[in-house]
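Colleague: Okay, here's what each chain looks like letter by letter:
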Amino acid sequence: MKPLPKFLSALATAGACAALLAGCGKPQTGSASKGNTDAEITQAAVDSYVPPGEKDEYYLFYSGGHSGQVFVAGIPSMRHIMTIPVFAPYPGLGYGFDEESKKLLGDYTWGDVHHPGLSQTDGNYDGRWLFVNDNANNRVARIDLRDFKTKEILGPIPNSMGNHGSSFVTENSEYVLVATRFSVPLPKGTVADLEDYEEKFNGMVSGIKVDPKSGEMSVGWQILTPPFNWDLGSTGKGPSSGWAFWTSYNTEMAHDQLETNASQLDRDLAAVVNWKAAEQAVKEGKATEMSGVPIIDPAKVPGVLYYVGIAKSPHGMDVDPTGHWIVAGGKLQPTTTVLNFEKIQKAIATKDFEGEFRGVPILNHDSVVEGEVPVGLGPLHTQYDGLGNAYTSLFIDSQVAKWKMPPWTDEEKKDLTSVVLDKIPVHYSIGHLVVAGSDTKNPYGKWLVAMNKLSKGRHLSVGPAQPEDSELIDITGKKMRVVYESFTEPEPHFAQILKADAIKPIEVYPKAESTDPNAIWTAEEAGQVRKGNEVIAKMTAIRSRFVPDRLEAKVGDTLTVHITNVEQASDMIHGFGLVENNMNVVIDPGETKTLKVKLTKPGVYPYYCTNFCSALHQEMQGYLVVRNADAVIPDDEPVNPASLEAVPDTNAVDGEPAVPATSMPKVPKEG
Amino acid sequence: MTKLLDQEYRFLHKSLNGWSRLLLLLAAVTVAAAVFFPLWKLHLVAPQYADGLDMVIYTYKLEGGGLNGNDLDEINLLNHYIGMKPIHQADFTEMQVLPFMFGVFFLLALRAAVFGEMKAVVDLFMLAAYFGMFSIGTFYFRLYSYGHNLDSTAPMPTQPFTPLIFGTQKIANFTQSSYPEMGTYLLWAFMAMLLAAIWFSRKGRALPTP
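If you read the sequences in order, they're chains R and A. Note that my numbering gives residue 393 to position 393 of the first sequence, counting from 1, and the numbers run on in steps of one. Note that my numbering gives residue 128 to position 128 of the second sequence, counting from 1, and the numbers run on in steps of one.
Be aware that a few hints might be false.
As the list claims (entries may be wrong) - Derived SDA-like pairs (lysine to any residue); straight-line CA-CA distance at most 20 Å: (1) LYS511(R) to GLU63(A); (2) LYS504(R) to ASP51(A); (3) LYS149(R) to ASP501(R); (4) LYS511(R) to GLY64(A).
Everything labelled a hint here was simulated from the structure, so no lab data went into it.
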């Protein structure tokens, strides 16, 4: 950030003093400012302040959890900038109303977004796509960062239940890797007794193939696993390129009272997956097919899957930027387990196994573990700054622990408490955390965002429903510093941070790129035609009118409107809201959208621009006349009357601009 | 009196020296180059258009600034609220003549350089000056027409106005500025070179009367 002008420092000081005064009145337990000096608070204010008109340095892509969406904020201001609708309708952007987004959503109106993953090239963010998973309905979505729109939703993925363990993108975006949280009898639709859980239920690791050019996704292959509940994972890079890792938390294979029954073993088996070997095995015909997907049985195809025991009921399993170290957080044991990938390779090569599970070798724990770092209670997820430091969220302690990555000295190894460098309280019960670029070869470092599950009244009270708490932590110094706190709607599970200059989104869909066959760019082309019970209209939207601004139909008709926003200026967005017909489509500049409405009630229904566009936005409206079903409409001539010709060319604003463009359909007689 | 007229006659029949002829060659190149550069630019700034909207005039085309040249459409779109006729390149009939005229100037400058006659330069200078003033005149008239033939049923009735041809003024929420661009500067340089060519040969030898 640029150094702030003097007046801003003064402003920050004033704000900080006010915060202090408030703190003086009554003690605020757990306040971030508690115990901080005036100067520290001022510094925090200055560091996170982005003056009006200035832009943030980073994008923060939060998952929106069971809201089904993705939230976009800026760092360091933490200002929420936009919501990208993915798995749920979002009237603000007309998502889930037009035909294309309805098709994307399919039969579902919600999803549970957990772990966003940016596309990578050579282990670094390439700014092309953001992948997000749907834990609920087993889907993966792809957002294009050129226009911040959801372009594709794949799923429900066959043979895969509970898509929690994704979206982990491989080093060159070859795959988005997915592991199942739940296990069911496969193929899906099979019924079995829960008592037969161990034998008849299965989990799955899936490789979702990504087309390198278009980004289009398809299910490449799957690896059949026992019904452990797979949890978080990550993909290898550098020396661990071609590998992926997941923890599991139910090696007990419990099917009831998991709270207790899945917490019995001291170690759960984590998966060490050679996805390149899986890909190769499928090529060599070593897979069988289920629900149209090649399935690999890891007992029959050695080298694809290994297990390693991790203490205890772990959550995150994160590869560091060098690709040498993999850190798993043991939810119920106050340590993180650090695995050494070189040692994993050696154990595989020398068959240094401590046993096997259903034909899959279990790596000798002591041979592959570099150490267990006593970070604190409830370690969940670990991130890296690329400078040899790891940051682990401690759910139970409500802290972030900063600790030193290996290689460690012999002295450090003797007492690994010595590598824990710093801890900072967060508010409260942190789940995930993200360090800028942590899952790349070259993290940006600098900022960490703690995604806290409980906000417990740190905000103005909004009743029993509570937002989540997100804290911005400066990790540049020896000690971590909380510099800002924002409240996020439910519910971020993980996030990705992208340098702002890594992408250059478009703000207008260029007319020259339009491929929609129903796009029209002049008012002369606008109008409606009838085909049996279908009324099809092509419409233009421009400041401040729709052409045509009158539509004619009958009860029983299906009305289709192809509406093109012919504007080519940034932020000249129009909406098409049709009253009492549950329809609101929002059309960006240069975009064409299609909406369909089944007309069931006679009457006159206004339609109007829902997205404020201009001084005469209020005037931007029209009427849909729905006549009785038995009304006789003289003929099926296209309604594109002479008066339309007097209408200004919408693209070049020709003709008589002040005359409202009105299509005058032939007036039918009431039957 | 007769003496003065004789002097004038002799002046017009002076031959051009090497410097003047070189300048004329340069002038020819300059006026030819001017065809490809913008002549004039109208720039509109409003709070919502912090970067401004540009309309750029060339000898042969009218061009919008901004992404994909969209500024012209945007200006027309905004103008429709006050009932102004859309500004189209096709309405600028002089754009069919301007490149041709610049070509004529190019040829006449070459001709003067080759013939080496003072009167050829004076002719060319007078023609170019007349043409320049006429063009400014029609340009002004065009701006006047756009600003005075406003549709009375427009959503935002506005007092008729003439957009500035040179300078900066405020129109509603817009600050309009209008200034010459490289093409015009080249044209002025062309004129200046013609004057310089005259100046350098002012003391030259008068050609013998045929």
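Colleague: So, for every hint listed, does it hold in this structure?
Modeller: Verification of the hints:
{"no.": "1", "hint": "LYS511(R) to GLU63(A)", "result": "holds, 17 Å"}
{"no.": "2", "hint": "LYS504(R) to ASP51(A)", "result": "holds, 18 Å"}
{"no.": "3", "hint": "LYS149(R) to ASP501(R)", "result": "holds, 19 Å"}
{"no.": "4", "hint": "LYS511(R) to GLY64(A)", "result": "holds, 15 Å"}
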